[in-house]
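*Asks:* From first to last, the protein sequence lines are chains X and H.
For reference, each letter of the first sequence is one residue, going 1 to 291 in this note's numbering.
For reference, each letter of the second sequence is one residue, going 1001 to 1417 in this note's numbering.
Hints were generated in silico from the structure; no laboratory data involved.
As the structure is a prediction and not an experimental result, all values here were calculated from the model.
Hints should not be assumed to be uniformly reliable.
[What the hints assert, rightly or not] If we take Cβ atoms under 7 Å as the criterion, some of the chain H residues that face chain X in the derived model are: (1) Pro1089; (2) Gly1090; (3) Thr1093; (4) Ser1214; (5) Thr1215; (6) Ile1216; (7) Ala1219; (8) Pro1234; (9) Pro1267; (10) Arg1306; (11) Ile1308; (12) Glu1309; (13) Ile1387; (14) Gln1389.
Just so you know, even glycine gets a beta-carbon here, dropped at the ideal spot from N, CA and C.
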Amino acid sequence: MIFSFQLLFEAIVFGILLGCFYAAVSIGLSVAFGLLDVPHVAHPAVLIFAAYCAYLLGSYGWDPILAGLALMPLFFLFGVVMYRFYYETFEKRGTEAAVRGLAFFFGIAFIIEVGLILAFGVDQRMVEADYIGKSLTFGEMRVPLRMLLAFGVALALTAALTLYLSKTFTGRAIKAVAQDEPALRLMGANPVRIKQWAFGIATAVTALAGALLIVVGPVEPMLDRVYIGRTFCVVVLAGLGSMTGTLAAGLILGISESIVLMHFGASWAPAVAYALLLVVLGIRPQGLFGR
Amino acid sequence: MMKSFKRRWFLVAGVLAIAIGVSVPVAQAQQPIKIGHSMSLTGGLAGGGKAALIALQMWVEDVNAKGGLLGRKVELITYDDQSSPANTPGIYTKLLDVDKVDLLIGPYATVPTAAIMPLVKERGLLLMGNFGFQSNAKIQHDMWFNNGSWNDAASWSENFFLAARELNVKTVAFLAADQEYAQALAGGAKAIAANMGLKTVYDQVYPPTTVDFSTIIRAIRAAQPDVVYVMSYPNDSVGIVRSVNEIGVGSSVKLIGGGMVGLQFAPVMESLGSMLNGWVNYHFYVPEKTMEFPGVKAFLERYSKRAIEAKVDPLGFYLPLFDYAIGQMIEQAVTATKSLDHKVLAKYLHENEMKTIVGGIRYAKDGERAKARVIMIQFRGVADKNIDQFRQPGKQVIVAPAEYKSGAVVPFDQARK
Chain X
1 MIFSFQLLFE AIVFGILLGC FYAAVSIGLS VAFGLLDVPH VAHPAVLIFA
51 AYCAYLLGSY GWDPILAGLA LMPLFFLFGV VMYRFYYETF EKRGTEAAVR
101 GLAFFFGIAF IIEVGLILAF GVDQRMVEAD YIGKSLTFGE MRVPLRMLLA
151 FGVALALTAA LTLYLSKTFT GRAIKAVAQD EPALRLMGAN PVRIKQWAFG
201 IATAVTALAG ALLIVVGPVE PMLDRVYIGR TFCVVVLAGL GSMTGTLAAG
251 LILGISESIV LMHFGASWAP AVAYALLLVV LGIRPQGLFG R
Chain H
1001 MMKSFKRRWF LVAGVLAIAI GVSVPVAQAQ QPIKIGHSMS LTGGLAGGGK
1051 AALIALQMWV EDVNAKGGLL GRKVELITYD DQSSPANTPG IYTKLLDVDK
1101 VDLLIGPYAT VPTAAIMPLV KERGLLLMGN FGFQSNAKIQ HDMWFNNGSW
1151 NDAASWSENF FLAARELNVK TVAFLAADQE YAQALAGGAK AIAANMGLKT
1201 VYDQVYPPTT VDFSTIIRAI RAAQPDVVYV MSYPNDSVGI VRSVNEIGVG
1251 SSVKLIGGGM VGLQFAPVME SLGSMLNGWV NYHFYVPEKT MEFPGVKAFL
1301 ERYSKRAIEA KVDPLGFYLP LFDYAIGQMI EQAVTATKSL DHKVLAKYLH
1351 ENEMKTIVGG IRYAKDGERA KARVIMIQFR GVADKNIDQF RQPGKQVIVA
1401 PAEYKSGAVV PFDQARK
């Protein structure tokens, strides 16, 4: 294995970019699972669904990121409907029923998978854009533009969600519903409507992240199974419901994975990421930024 | 009166006996010959599996249009194994014990096939393999016949290193997925590289969940190899090609590719377009003049129409041709032996050359090809967003072996200009 500080530096840069991508695909789950306590195991399937929608719009000449932005309102509605159904069928009936809601979200994930297979077939799908397959050169280092884009989108999403949750009335209500739902009810707010709204936002954010996913690599209908462990790992490592924590956790996973890939043997990369999660949870069970 | 009654009774009984005697063979003749198999119609291998199924169905239609086999229609019984080896033993047990199939075709690809090899060996059954790589290497079942173009682990890689030899290379890097196929391939490739005296400067196994290959490609560039031998699965293959395009693999590299699954699939080829130029990779058939086998062109034209409707690989160069060949081999063996006995058919397959749309096939004792034919192709002059270009010769130039060669290998950098 070759070691140089130049390579280490590049591994860290690639890790930052990869970590931001991990954060971007996990941030919707951070809202849905971290803040709202909804066992949203269909999150990666929704992510892949969004990627396919971006692919479909891409076939009409749309830029994938613009397609992701355009899809956000539709996915917001999709999220609202999905949560309402989950609430009426499971959550309203108490904690045990809410746990059974896990089966509901698994069902959603399977329906999405099968629907995508029927609509698009089983082959890998990719999008084309001017920034895919190209890079920026800094001396010896070349940085892929698509990963820089992931970096930018992740930062923008984290900043937007952090500001929204801390500076707006609805945002603060979403945080309140996560902390003390009965207290929010006593203050006259409707926690169900707040959660419905928040779940819509989580799903809308996932639309943009899905578009980013197909920019970074090819997708196929069952790719969600690859992302289920990784996205939950990021959210749990961050501390449930922390947006900046999600970004930090993504960065930690990305950088550690990148350094291991470059210097210690590629096959160890996933083991290191999950070992890191175990260590952090051992020291801080509430996650890095959890309270 | 009594005599007359008896005579009438005998007459009725005789007519009935004749009717039953005639109707039994007629009923038997109308029972189809059942051929059972599982196919990856969902899951990671479904891209190839769905395309392969179309080819098998085309063969069934063709053979039935000619009157079937042994005067009986052929019926294909297919189950989706979801690309999982956990499902195939159960499916094949059902095919044998519930569906009572007459003949078996293996599931698509190495890992789902490996799971049923003990079952078919234990029951002494003929199994027409469907692109299993080294599936019979340990079991050594004498009634296994693979449709793939390779034989031992080294046969897949030897033509890549044959092309490398032309470029006067000294060092090699290996990058392999942490999966069964890639690891089996790596063993053969490393043995060949060692025999050639190549020095290994990079040797890594990457996890199958790797999202971005920038870091790995950068590490390979730092190692400055002359040859990079890659053994990857479709999504990874795309990631690796893109990363090489973005990060650069370094001017030292004269040859890159080898064992990348996915670069044979039409949607991947179309999407990667010009990024493919210069890559050298394995294949089993490309439309070069040196591979114009009888019937292949007509099959591909018919297949393409069906594939577009089914939203699968419209080119069909990779798996469909070889699945149609499975049907042709069954047809030839059953017709020649006039039997469905597995031992009789296996004996015929061992002793005779099979005539198929992918050329003549002769089997060695282990049920793999007596002579391997894994071609190495180099992508040249590929333009973006054009699937039809791959139907023309010259875009996937065969650089090895000599028997099918349609052009000399060009160093990676030059081929990309």
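*Asks:* State for each hint whether it applies.
*Replies:* Status of the hints after comparison with the structure:
Interface restraint check for H:Pro1089: the shortest CB-CB distance to chain X comes to about 22 Å, outside 7 Å, so the restraint is violated. Contact between H:Gly1090 and chain X, as hinted, is not supported at the beta carbon level, the nearest pair being about 20 Å apart and thus beyond 7 Å. At its closest, the beta carbon of H:Thr1093 sits 26 Å from a beta carbon of chain X; the interface hint therefore is violated under the 7 Å criterion. Hint status for H:Ser1214 relative to chain X: holds, with the closest Cβ pair at about 5 Å, below 7 Å.
With a least beta-carbon distance of about 4 Å to chain X, the hint placing H:Thr1215 at the interface is held under the 7 Å criterion. At about 6 Å, the closest approach between the beta carbon of H:Ile1216 and any beta carbon in chain X falls short of 7 Å, and the interface hint on this residue holds. Look at H:Ala1219: its Cβ gets to within about 5 Å of chain X, closer than 7 Å, so that hint holds up. Interface restraint check for H:Pro1234: the shortest CB-CB distance to chain X comes to about 6 Å, inside 7 Å, so the restraint holds.
Of the supplied interface hints, the one on H:Pro1267 holds, with its beta-carbon coming within about 4 Å of a beta-carbon of chain X, less than 7 Å. Because the closest C-beta pair between H:Arg1306 and chain X is about 13 Å apart, greater than 7 Å, the hint is violated. Evaluation of the H:Ile1308 hint against chain X yields a violated restraint, the C-beta minimum of about 11 Å exceeding 7 Å. Violation of the interface hint for H:Glu1309 is found here, the shortest Cβ-Cβ separation to chain X being roughly 11 Å, above the 7 Å cut-off.
Taking 7 Å as the C-beta cut-off, the interface hint given for H:Ile1387 is violated, the closest approach to chain X being about 12 Å. A distance limit of 7 Å between C-beta atoms decides the matter here; for H:Gln1389 the minimum to chain X is near 16 Å, and the interface restraint is violated.
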